[in-house]
Every structure is written in C-alpha cells, then in structure tokens.
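So you can see what is in the structure, the chains are spelled out below.
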Amino acid sequence: MTRQGSGGEGSAIKLEHVTKSFDDHKVLDDVSIDVEDGSAFCLLGRSGTGKSVTLKHIIGLLRPDAGRVFVRGKDVAALSGRALSDVRRSMGFLFQNAALFDSITVGENVAFPLRRHTDWPDSKVRDTARAKLAEVGLEDDYDKMPGELSGGMRKRAGLARAMALDPDILLVDEPSAGLDPITAREIDDLLVERKKSGTTLVVVTHDIPSARHIGDELAVLHDGRVIARGTAEELDKSDDEIVRAFMKSQGGG
Amino acid sequence: MLVRLGDLILSLLAWVGDVALFGARALYDAFLPPYELKEIWRQVFEIGWRSLPLIALSGFAIGVVLSMHTRASLERFGAEAMIPAGLAIALIRETGPLTAGLLVSGRVGAGIGAELGAMKVTEQIDALEAVAVDSFKYLAVTRILACIIAMPLLTAVIDFCGIFGGYVAESTISGMSAQLYFHRAFSIVEFTDFLPATLKTMVFGFIIGTVSSYLGFTTTQGTEGVGRTSTSSVVLSSICIILINVVLVKLIFFVFPVKA
Chain A
185 MTRQGSGGEG SAIKLEHVTK SFDDHKVLDD VSIDVEDGSA FCLLGRSGTG
235 KSVTLKHIIG LLRPDAGRVF VRGKDVAALS GRALSDVRRS MGFLFQNAAL
285 FDSITVGENV AFPLRRHTDW PDSKVRDTAR AKLAEVGLED DYDKMPGELS
335 GGMRKRAGLA RAMALDPDIL LVDEPSAGLD PITAREIDDL LVERKKSGTT
385 LVVVTHDIPS ARHIGDELAV LHDGRVIARG TAEELDKSDD EIVRAFMKSQ
435 GGG
Chain B
633 MLVRLGDLIL SLLAWVGDVA LFGARALYDA FLPPYELKEI WRQVFEIGWR
683 SLPLIALSGF AIGVVLSMHT RASLERFGAE AMIPAGLAIA LIRETGPLTA
733 GLLVSGRVGA GIGAELGAMK VTEQIDALEA VAVDSFKYLA VTRILACIIA
783 MPLLTAVIDF CGIFGGYVAE STISGMSAQL YFHRAFSIVE FTDFLPATLK
833 TMVFGFIIGT VSSYLGFTTT QGTEGVGRTS TSSVVLSSIC IILINVVLVK
883 LIFFVFPVKA
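Sequence lines, in order, name chains A and B. Here the first sequence is numbered in this note's numbering, starting from 185 and rising by one per residue. Here the second sequence is numbered in this note's numbering, starting from 633 and rising by one per residue.
It should be emphasised that the hints constitute simulated quantities derived from the structure, not laboratory data. Among the clues, some could well be false.
For the chain A half of the interface with chain B, some residues (derived, Cβ under 10 Å), not all of them [to be verified]:
no. : residue
1   : Asn281
2   : Leu284
3   : Met329
4   : Gly342
5   : Ala346
No more than 20 Å apart at the CA atoms, straight line, and that leaves these computed lysine to any residue pairs for SDA-like [to be verified]:
no. : chain 1 : residue 1 : chain 2 : residue 2
6   : B       : Lys670    : A       : Arg409
7   : B       : Lys670    : A       : Gly257
8   : B       : Lys769    : B       : Phe849
Bear in mind that the values here come from a model prediction, so they are computed numbers and not experimental data. Every residue, glycine too, gets a C-beta built ideally from N, C-alpha and C.
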C-alpha cells in the first residue's frame, strides 16, 4: 500500500512529529525536520540522542511509534514489499560501523547492490565497484576481506557501497569517525561533490568542522528533541547554551 | 510456584507460536519471486556438501556398531543370516534418518544460528534491507529450503554408508561376501521402508532451518548473544526433531502399515 503524504511534497525528506521509544526509553520525542532536495542536512548531537535512530526511520528500518516519515512524498512507514524496496533503492546508507558483509570481499560488498538491482554484465559491475572504491581511496583493496581492513577503511568501503547505485539520497552516519584528519577531509570533499551533483545528503556527525563544511542546514538533537536548526552561523548565535557549546567544541566556533 | 509454571508454559507456547509463524512465512515466501535460486544452491552446497564427511563417517561407524550389536543378538537364535537385513531395516527406517537429523542440527543449526546472529548484531541484516534486499527471504528462506533439500540426500548417504559399514564388519567377522551381504540386506527392504523414512527428514530440515534462522534473526546482546543463539539452535532443533519424529513415525505406520 502506498500512502501519499499530506505534508511530504516539496521536500526530499520530511519527518513529522516522530516519536520513538525502546522499552520505556523515549529516544525520539516529537522530532520534525525537512530536508530540501539537493541540499545537505547535518544532524548533530551527543552520543545516544537518537541521531542514528532518525536515519533508520528515513530508510524504513525503524517505524515511528507516532508521527510520519516522508521520502519524496511517500510515507515510508506505510510502505512494504516492492514499494519500500523502490524507495530504498533511491537511497544509500552508510552505517555507523560500516556493516560490511563479512563473508564476501570488499569489492563484492560494493558490487552487491549492483548485482541485485542491475542486469549489467559482470565486467561492468566489477569496473563500477572498482571506480566507487577508487573514489574513497580503496582501489587496491577490491579482493581483501572486510576483516583485513582497519576501521577507517571499512567506513570508506561502506561509503563506496552506499554510493554504488548513485542514489538520489545519501544517508551517512558518522562519516569521519575513525578516520585520520586528512582522509576525513577527503571524505567530506567527496560528500560535497555528491551534493553538487544533485544528491541530497543527511549526515549524522559529531564533527563540527565537518558539519560546517558539508551542511547547508544543521540541526542539534538533544534528549530526543530537535533543540535548534539553521545554518552554522545561525547556530553559532543561538540563545541555547547547549547549542552554542556544541558548536564551539572541536575548534568549531 | 504455579504462577511461575504457568508463565513458563505461556512463554514456551508463545515461542513455539513465533517459530511456527516464522516457518510458515518462509514457506509462503518461497513461492513468491524473486526465488533466490543462486543463493539456495549456494546454501545447499554449504549445508549439504560440507556435511558429507561428517555424515558419511558417522554412518559408516554406526553401521559397524549396529552390525556388531545385531550379531550379538541374533547369534543366540542362530539367525546370523538375518544380520544384513535387520541392520538395513533398522538403518533405513529409523537410525539413519534420526541420526542424520541430529548430526545436521549440530553442524548446520549451530552454523546458521551463529552466522545470522552475528549478522544481526553487526547490523549486516539491516544493511541488506538498506540495499533493498528482503533479508528474510535472502537469509532465512534460502537456508530453510536448503536444509529441506539437503536432508533427504544426506539421509540416503548415511543409510548407504551405514549398510556399507555393516558389510565391512560382517565380512571381517564372518567372511561374508559382498554379493551375499547386499542381497540379504535388501531382500526384505521395500520401497515403503525407504521413501517415507527418508522424506520425513525434509521435516527435520525445515525444523533445523526454521529454528536456527529464527534464533539468529532474534539475537540480541552482542557476542554473548551470538554464542547463546548458536547453542540454543542445536539444543532446540534437536529437541524438536526428536519430538516431531514420534509423530512422524506414528503417521508413517498409519499410512504404510507394516505387513505381518
């Protein structure tokens, strides 16, 4: 069943009053955000404030207890089967721990979405996967197993897999975590390039300089609620002490 | 005390219900596209082919031991000539299928439980969903079908290896020729002895695949949870096989009554 949203049109992604609890712990509390098509939206906040949970709602891995999540006007929680699959195919997701399939090589991880969703010949699939790995600096690691990579390399391989189908929307959970500063900037630049080519980005990060570099709009999540949103400059001048403190952290201010 | 016992029974029934629904959904989904034939074939190889050494060796050893026991019993009645037939009937009708079921539940059940459990706690199952792949179908349905396909084949192997083991033991002790041994072994074995007993192991395969996949998909609490899932997969699928076997044997006797 595909239910068209009442308020989802015009935005690539829109969350309306989303609430989510695990057991008795409320992780998201009346969260509303919308992300313009082709823009980069950075979700900031301390650990455990519900940032990753928000991303998982957008791709339909979690369903809200209350509220609605729209992706290009479609209510994700109301979708199932092929309709949900179609929405997911338009998105790429980088997991916080990369979540590479550890029984296949790094290259085959990247090739996996291509093999599933295209009828390309093997040579084209492999070439595309190699090109995606090259974008994240792992062109020589196609035949390695995920267990042979460092945490940062796994993260980059995860990003290559997320970008494999050239999705319209890229959901990225902590892109710079575990990376050295130079590689982290390269990944940021790659994400900016993606944005320039029309990809909508939703980036969860602790890295304030990275959020300033990538994000058109930033939001701060605190105790499951969005306590501030706007451009980096607007958040720098926020009346909320938590927001200002967050923006000044890591030499960000 | 009674309340706690009641709670325990209720939670057990709820678990059985959840597993049954999981299995029923798998059977239903198996008939819907995409059929994941490549992955099913890969799993048949993993589950079936890789279990062959264990199954063949165990079958051979069981055949040797059964032969020795049968000889010890039948010698008293001067009925040594019945040793090959008695062994073949015992192996084909019950010992082979049940042993194969328990061996596969140990090797494969633990493997499926641990693999899917690890995938669950490291978000690999979520990652499959994120790349628009139905994780239930890709991981659970394929493994359950592979278990259903592999079990009768492995049972046929354990039966054959058991009868061969019996021959090795018998030829060593009494010097019986291969021709005479196999002639006697299959003299009273009928189609209805082999087919129902072998095909019932498809139910064992369904149980092993379903229980271990269900436990893998519901794994929580990290590495410790994966270990628990692995153990529970073996224990619970073995118990289920032993219990269901009672019903299946009764059903087989009902449908194919033994001739006097």
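Quick rundown of the hints versus the structure:
1. Asn281: holds (6 Å)
2. Leu284: Since the shortest Cβ distance to chain B is 8 Å, the answer is holds.
3. Met329: violated (14 Å)
4. Gly342: Interface hint status for glycine 342 of chain A: holds (8 Å vs cutoff 10 Å).
5. Ala346: Nearest chain B Cβ about 8 Å off; hint holds.
6. B:Lys670 - A:Arg409: Not OK: lysine 670 of chain B and arginine 409 of chain A at ~45 Å, beyond 20 Å, violated.
7. B:Lys670 - A:Gly257: violated (35 Å)
8. B:Lys769 - B:Phe849: holds (12 Å)
In summary, the numbered hints that this structure violates are 3, 6, 7.
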